[in-house]
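With chain A held as given, fit chain B onto it using these hints.
These protein sequence lines are chains A and B, in that order. For the first sequence, position 90 matches number 90 in the working numbering, and the numbering has no gaps at all. For the second sequence, position 144 matches number 404 in the working numbering, and the numbering has no gaps at all.
Do not take every clue at face value.
[Unchecked claim] Some but not every residue of chain A turned toward chain B, in silico, with C-beta under 8 Å:
| id | residue |
| --- | --- |
| 1 | ASP70 |
| 2 | ALA137 |
| 3 | GLN138 |
| 4 | GLU151 |
| 5 | ILE171 |
| 6 | THR174 |
| 7 | TRP185 |
| 8 | ALA189 |
| 9 | ARG198 |
[Said to hold, decoys possible] Some chain B residues judged to face chain A by a derived CB distance under 10 Å, without partners named:
| id | residue |
| --- | --- |
| 10 | PHE398 |
| 11 | PHE400 |
| 12 | PRO404 |
| 13 | SER405 |
| 14 | VAL542 |
| 15 | PRO544 |
| 16 | GLN558 |
| 17 | PHE652 |
Hints in this document: simulated from the structure, not taken from any laboratory. Glycine included, C-beta positions come from ideal geometry on N, C-alpha and C.
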Amino acid sequence: MDFAETTVSAHGLEARVWRAGSGPKLAYFAGFAGLPKWTAGMDALARHCEVSAISLPGFPGGGRWHLELDSLFEWSLAAHDLIGAAGCRGAALMGCSVGGALALEVAAIWPDSVSKLVLLAPFGLFDDANPPTDPWAQRGDKVDALMCETEGAYNALIERPGNADAVEWPIEMTRAREASARYLWPNSATHVEKRLGRIACPTLVLWGEKDRVQPPAYAETLRDGISGAVAVQTIAGAGHMAELDQPEAVAAAVGAFLGG
Amino acid sequence: MKLMWFHLMPYTELPDDFRDNHPSVWVDIHSTLFKPERAHHMYNDFMDELEFAADMGFDAVCVNEHHSNGYGLMPSPNLIASSLARRTTDTALCVMGNSIALYNPPTRVAEEFAMLDCISGGRLIAGFPVGSPMDTCFAFGQNPSTLRQRYMEAHDLIVKAWTEQDTFAFNGRFNQQRYVNIWPRPIQRPHPPVWVPGGGSVETWRWCAEMDYVYCYLSYYGYKAGLQTMKGFWEEMKRIGKDMNPYRAGFLQFVGVGETEQEAYDLYKEAAEYFYGRCLHVDPRFANPPGYTTEATQRAGVESQVGRAAREQKTNIAVSKNAREYDAILDNGYIIVGTPDQVAERLREVAKELHVGHLMLLLQFGNMSKQLTQYNTRLFAQKVMPQIRDLFDDEWEDHWWPTPLADADRAKVAATNTLAAE
Numbered sequence: 001m002d003f004a005e006t007t008v009s010a011h012g013l014e015a016r017v018w019r020a021g022s023g024p025k026l027a028y029f030a031g032f033a034g035l036p037k038w039t040a041g042m043d044a045l046a047r048h049c050e051v052s053a054i055s056l057p058g059f060p061g062g063g064r065w066h067l068e069l070d071s072l073f074e075w076s077l078a079a080h081d082l083i084g085a086a087g088c089r090g091a092a093l094m095g096c097s098v099g100g101a102l103a104l105e106v107a108a109i110w111p112d113s114v115s116k117l118v119l120l121a122p123f124g125l126f127d128d129a130n131p132p133t134d135p136w137a138q139r140g141d142k143v144d145a146l147m148c149e150t151e152g153a154y155n156a157l158i159e160r161p162g163n164a165d166a167v168e169w170p171i172e173m174t175r176a177r178e179a180s181a182r183y184l185w186p187n188s189a190t191h192v193e194k195r196l197g198r199i200a201c202p203t204l205v206l207w208g209e210k211d212r213v214q215p216p217a218y219a220e221t222l223r224d225g226i227s228g229a230v231a232v233q234t235i236a237g238a239g240h241m242a243e244l245d246q247p248e249a250v251a252a253a254v255g256a257f258l259g260g
Numbered sequence: 261m262k263l264m265w266f267h268l269m270p271y272t273e274l275p276d277d278f279r280d281n282h283p284s285v286w287v288d289i290h291s292t293l294f295k296p297e298r299a300h301h302m303y304n305d306f307m308d309e310l311e312f313a314a315d316m317g318f319d320a321v322c323v324n325e326h327h328s329n330g331y332g333l334m335p336s337p338n339l340i341a342s343s344l345a346r347r348t349t350d351t352a353l354c355v356m357g358n359s360i361a362l363y364n365p366p367t368r369v370a371e372e373f374a375m376l377d378c379i380s381g382g383r384l385i386a387g388f389p390v391g392s393p394m395d396t397c398f399a400f401g402q403n404p405s406t407l408r409q410r411y412m413e414a415h416d417l418i419v420k421a422w423t424e425q426d427t428f429a430f431n432g433r434f435n436q437q438r439y440v441n442i443w444p445r446p447i448q449r450p451h452p453p454v455w456v457p458g459g460g461s462v463e464t465w466r467w468c469a470e471m472d473y474v475y476c477y478l479s480y481y482g483y484k485a486g487l488q489t490m491k492g493f494w495e496e497m498k499r500i501g502k503d504m505n506p507y508r509a510g511f512l513q514f515v516g517v518g519e520t521e522q523e524a525y526d527l528y529k530e531a532a533e534y535f536y537g538r539c540l541h542v543d544p545r546f547a548n549p550p551g552y553t554t555e556a557t558q559r560a561g562v563e564s565q566v567g568r569a570a571r572e573q574k575t576n577i578a579v580s581k582n583a584r585e586y587d588a589i590l591d592n593g594y595i596i597v598g599t600p601d602q603v604a605e606r607l608r609e610v611a612k613e614l615h616v617g618h619l620m621l622l623l624q625f626g627n628m629s630k631q632l633t634q635y636n637t638r639l640f641a642q643k644v645m646p647q648i649r650d651l652f653d654d655e656w657e658d659h660w661w662p663t664p665l666a667d668a669d670r671a672k673v674a675a676t677n678t679l680a681a682e
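Bound-form chain A, shown alone:
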């Protein structure tokens, strides 16, 4: 599917926005590694809505503005401002994995700016008895199996396209991991549980049934804490990055939620 690329700016930040599809508006924060290339999952989403994939600072398309952000509040503000710059203020918001942590913050701090919230295995929670896996302390050859149920799905996301610079591409992939570490290091806990009650919009929580990074049981914490109506749906045959493992199932769930 064709998608349009624009660059938006907000208070000194610039970000790439990839937009495709028609229907209800959905602002989208990608997961671990960001969105280095357009994927089948984005195509699937675009069949259900007008999706605007906003590159967060430091992630592919997000420049090096992560180096200017020193706190979760500054990250949240940047995410909020970029949603506005992308023309998605008041629209639905979807956040996956590390992007989900910032979607949670935006929805909690500025509840009027999000009409509906979709969370796909978001970072941010930490249960001592059932902790998340440390995604930054991994050998490179182990990350694919950690992130996805489908062998090679994560590697395909970060694999260098033939026309990309051989030196800069791996640096850009490392930068994406650095960006997520910058606001989630060392244990990915944002203590968002203290703010969940501020989220009043309808919320869909999706989780890969075989997520080996963020425990699926955390969905219950979100359901219990968020004050708006929360639906929890498990994605069968999917790991942490269910949008790569089961793009159609994820998109169908999102489409039904947005259209309902």
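Showing chain B alone in chain A's frame:
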């Protein structure tokens, strides 16, 4: 040249199956391997060895900082240095160093180093490492993306705390203090010499030159592997117009001395294989958190891989960094082992070739006993040191060495050490 005696303080009783049955010597090394009652003896042996080295005439004794580490039992090297300040008299105390980004506020480092400088009468060398990823990002939870920014800010705060006479406010990006006013103040003016251990990044070399700090390359892989890095350092000094004073640099080298070649070979085999087999068994998942390595260094690394491989193939200078068998350890130059004359000759070559005026020597490594460590130290002091100490001194002055109080102004400390008389 300056000959400096360096201790890592390795836990000496890691099990034989450590490499096979334990994932890492660092970060998540299991607590059950640590026996406090045995560590009591290790610490006291290690401190005896440092005091012995001071008594044997080494120019400095060196300690460093590691966390959650089976080969480095000094989370706080300042504690050891404090004891050494009282138990030695004229030897420089090189704390190599405090990972300054870890302390909140870093004013703590300014205070403790000032205490050490006062107690020792101005003998402190203040080392400012960024710290390894294992120590800083994993064991201490510091953010790899902000670590270097915090390091630079911590440096600025510490130096200002040492030198600013009036109470000042520090409004940094990561540290805010309304009142900075350290008591005590360092004896050395404007402050103790600052030495910076680092990898091979051009940014670090330039910064050391700009700040007039000593750059130290502290590798466990010896002079052969260090050659390219030190050549790069000196080329950069030349390029930016600095003099070639060898005291701008420090270098670490393992050494084992014996009366005969065979004795030397036999004496250090077990300790060498213990160190390179068990102590460097680090889980690679802790080696490179995202953001720890700057993009400039990543870029330089990627771009130079092809060229480096070609050069190494052409010149046959490739040095393996994973040798664990004794002969390979020696062949690769990780450890220089031999008679006093052989060691002296080799070290003279190394110092000249790498052009380093500060040679940091690991004469204790792995599971070496106190007895063997002191044997090695004594042989070195008595038979190697006299052969190489004069190097560089007819041509260069060491501007980066501590300037202690005159003897007459120093406290009469009952530094006791009977070991050297044995």
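Here is how each hint holds up against the structure:
no.: 1; hint: ASP70; result: holds, 6 Å
no.: 2; hint: ALA137; result: holds, 5 Å
no.: 3; hint: GLN138; result: holds, 5 Å
no.: 4; hint: GLU151; result: violated, 20 Å
no.: 5; hint: ILE171; result: holds, 5 Å
no.: 6; hint: THR174; result: holds, 5 Å
no.: 7; hint: TRP185; result: holds, 4 Å
no.: 8; hint: ALA189; result: violated, 11 Å
no.: 9; hint: ARG198; result: violated, 26 Å
no.: 10; hint: PHE398; result: holds, 7 Å
no.: 11; hint: PHE400; result: holds, 9 Å
no.: 12; hint: PRO404; result: holds, 6 Å
no.: 13; hint: SER405; result: holds, 4 Å
no.: 14; hint: VAL542; result: violated, 12 Å
no.: 15; hint: PRO544; result: holds, 5 Å
no.: 16; hint: GLN558; result: holds, 5 Å
no.: 17; hint: PHE652; result: violated, 40 Å
The earlier numbered hints that this structure contradicts are 4, 8, 9, 14, 17.
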